[in-house]
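> If you want the building blocks of each chain, they are given just below.
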Amino acid sequence: MLSNLKGIFRPRSIPEALALLEKNSGSILVMAGGTKLVKSPNDIVQELVDIKDLGLDYIKEESGGIRLGATITLQKLVESPIVNEVANGVLSKAAGMCNRSRMIRNVSTLGGELVTAGPLSVLYCALLILQAQIRIVGGEEFALPINIFLNKKGLGGGLLVETLIPAFKETTVAALVPIGTESTDALACAGARVTFQKGSCQNVKIAITGCEKIPQRLHEAEVVLEGKPLTGPNIEAAAETAHQLYRPISAPLASEEYRKEVSRSLVKKALVQCLESAEDQL
Amino acid sequence: MDIRITVDGRALKADIPPNQTLSDFLRAHGCWSVKHGCETGECGNCTVIVDGRAVYSCLMLAVQADGKSVETFESVQKRSEFAPIQEILMDFGDMDCGYCIPGMMMAMKALIDRIPEPTEEEVLDQLAGTVCHCVRSVKPASALLEAVQKMRGNW
Chain S
4 MLSNLKGIFR PRSIPEALAL LEKNSGSILV MAGGTKLVKS PNDIVQELVD IKDLGLDYIK
64 EESGGIRLGA TITLQKLVES PIVNEVANGV LSKAAGMCNR SRMIRNVSTL GGELVTAGPL
124 SVLYCALLIL QAQIRIVGGE EFALPINIFL NKKGLGGGLL VETLIPAFKE TTVAALVPIG
184 TESTDALACA GARVTFQKGS CQNVKIAITG CEKIPQRLHE AEVVLEGKPL TGPNIEAAAE
244 TAHQLYRPIS APLASEEYRK EVSRSLVKKA LVQCLESAED QL
Chain C
57 MDIRITVDGR ALKADIPPNQ TLSDFLRAHG CWSVKHGCET GECGNCTVIV DGRAVYSCLM
117 LAVQADGKSV ETFESVQKRS EFAPIQEILM DFGDMDCGYC IPGMMMAMKA LIDRIPEPTE
177 EEVLDQLAGT VCHCVRSVKP ASALLEAVQK MRGNW
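Protein sequences, first through last, are from chains S and C.
Under the working numbering, think of the first position of the first sequence as 4, with each following residue one higher.
Under the working numbering, think of the first position of the second sequence as 57, with each following residue one higher.
Check before you lean on any hint, since a few could be wrong.
In silico EDC-like pairs for lysine to aspartate or glutamate, Cα to Cα no more than 16 Å straight-line [to be verified]:
#1 9/S x 58/C
#2 55/S x 122/C
#3 39/S x 95/C
#4 263/S x 215/S
#5 39/S x 98/C
#6 55/S x 80/C
#7 42/S x 95/C
#8 42/S x 98/C
#9 42/S x 107/C
#10 55/S x 165/S
#11 172/S x 88/S
#12 124/C x 56/S
#13 272/S x 243/S
#14 9/S x 71/C
By construction, these hints were calculated from the structure, which means they are not laboratory data.
One chain only, chain S, in its complex shape (with noise of 0.2 Å):
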C-alpha cells in the first residue's frame, strides 16, 4: 500500500507544512493519525506531510468555547474532562463511536476524521448540533461553520488547523441517539440540541446521519419547537416533520426504508433525552 510513497515530510511549523503542500501539490497528502491512509489503495501519492509535531494536539478552554486542535486524537476527546463538560459530552460520546476499537481511536486525529469521514459519521452528527466551526489556514486564514465545510469539497492547498466549539448557557442540554450493533457503526444517528429560558425551547439544532453524502440539519423541524415547552406533543410534532423531511441514503446494513422509518423514533428519542437530562440538571 501507498507503494509510490518515496518520502515523508516532518514540518515543524505551520508555513513550513504549507510551503510543502503548495510546492508539491498533486502527488503530496497531508497525514495526521495515518489510520484510513497507510493501507489505502493509493498508488498516486508520493509523498507525505506528516503534521503531528505542528503543536496541534490540544484541547483548549476559553471564555468563547473550547479549541481542539487538529491532531487531538478520538480517544483524547472521549477522556477530556473539558470535552465531557460540554452540552452533556455529546462530542466525546461521538468520538467515542467513531471506532469501536480504543487501539485506533488512540491513532485516529479529530482533523482526520473530518476530512475523511462519510454520510454516516455522528462525528459530524454532533459537530452539526455544537455549530462548530473549522479554521483553515492557507493563502489566507478563515472558519468555516461545519455546514459549509461539510459541502465544500477538499481544502484547496490549506491546512485544517482547529475546530472551534462556541460556549453554551448552563441551560443548554443535548442528546445522540444512534441506532445499530456495538460492533459496526451506528445504521442512523440522531442528535439534538436545545436551550431552555422560561421554559421554553430557544436554539433548537436537530441532525441526523444517513443522508445522501454527509449528515444534514433538519432546519424544520427545529422551527417546530423553537420558543415553544418541550412537551410530549411538540416532540411528537417535531419528530413527524423530521420523518418526513429525511431523505436517507440505502447502503450496506440498512435500507432507505429502514432508515427512514426508524429517523422518527431516533429524533424523538433525542429530543425526550434532552427533556430529561434539563429535569436532572436545570
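Go by the hints and put chain C onto chain S.
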C-alpha cells in the same frame, strides 16, 4: 528514511523505506510476537504499545514511531520463563491456538498500566478491538477479566 525507535528498552536505529509499517519493522527486528492478522485494523493481532498507548502496528508507519518508545509482548515474556499473566491464561486453558494472545495482552497491559484495577466495562472496551478467530474473543475476555483481578499489577 533514518529513524530511531526504542523497542522493549533497546535503542534501534535504521534506514527504512517510507511505506514500511511498524509491524513489519518490529518483525524485521526480531519481535515475532507482533502478528500479521487482518492488516486492516480489525483483529488486533499486531497490537503494541507506543508511548503508553495501545495501537495497531499494521496501521502505523514505522516513521510515525520515530523517537518513540515501543513495547511488544517480548518485553513481558523476557522477565521470566512465563509471565504471570501467561500462566493464568494457561490455567484457564483459554488460549486455543494462541495467535491472538500477544496482541490481546498488550492491549490489556496498556489498560492496566494506566488503570491498575479496571472495571469489567473498561476491560471489555479495551478488548473490543481484538478478535480471537478461534472462539470469537468470549473465552479470552473472560479469562483476561479473571487474570486482571488476580494480577494486581504483577506483570
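> Each of the hints needs a verdict: does it hold here or not?
Status of each hint after checking the structure:
Taking the CA atoms of residue 9/S and residue 58/C, the gap is near 13 Å; set against the 16 Å cutoff, the hint holds. Simply put, residue 55/S and residue 122/C have alpha-carbon atoms about 11 Å apart, close enough for the 16 Å limit, and the pair holds. Using a Cα cut-off of 16 Å, the hinted pair residue 39/S and residue 95/C holds, with the two alpha carbons roughly 12 Å apart. Restraint check for residue 263/S and residue 215/S: the C-alpha separation of about 13 Å stays at or below 16 Å, so the hint holds.
Between the alpha carbons of residue 39/S and residue 98/C the distance comes to roughly 12 Å, so the proposed pair stays at or under 16 Å and holds. Pair hint residue 55/S plus residue 80/C does not hold up; C-alpha atoms about 22 Å apart against a cutoff of 16 Å. Between residue 42/S and residue 95/C the alpha-carbon distance is near 8 Å, which keeps this suggested pair within the 16 Å criterion. At most 16 Å may separate the alpha-carbon atoms for a hinted pair to count; residue 42/S and residue 98/C meet this at roughly 12 Å.
Restraint check: the Cα-Cα separation between residue 42/S and residue 107/C comes to about 22 Å, which exceeds 16 Å; the hinted pair is violated. A threshold of 16 Å between alpha carbons decides the hint, and for residue 55/S with residue 165/S the separation of about 13 Å falls inside it, so the pair holds. At most 16 Å may separate the alpha-carbon atoms for a hinted pair to count; residue 172/S and residue 88/S meet this at roughly 12 Å. Restraint check: the Cα-Cα separation between residue 124/C and residue 56/S comes to about 13 Å, which is no more than 16 Å; the hinted pair holds.
Between residue 272/S and residue 243/S the CA atoms are separated by roughly 12 Å; this keeps the pair inside 16 Å, and the hint holds. The straight-line distance between the Cα atoms of residue 9/S and residue 71/C is roughly 13 Å, inside the 16 Å bound, and the hint therefore holds.
Violated hints, listed in ascending order, are 6 and 9; each of the other numbered hints is respected by the structure.
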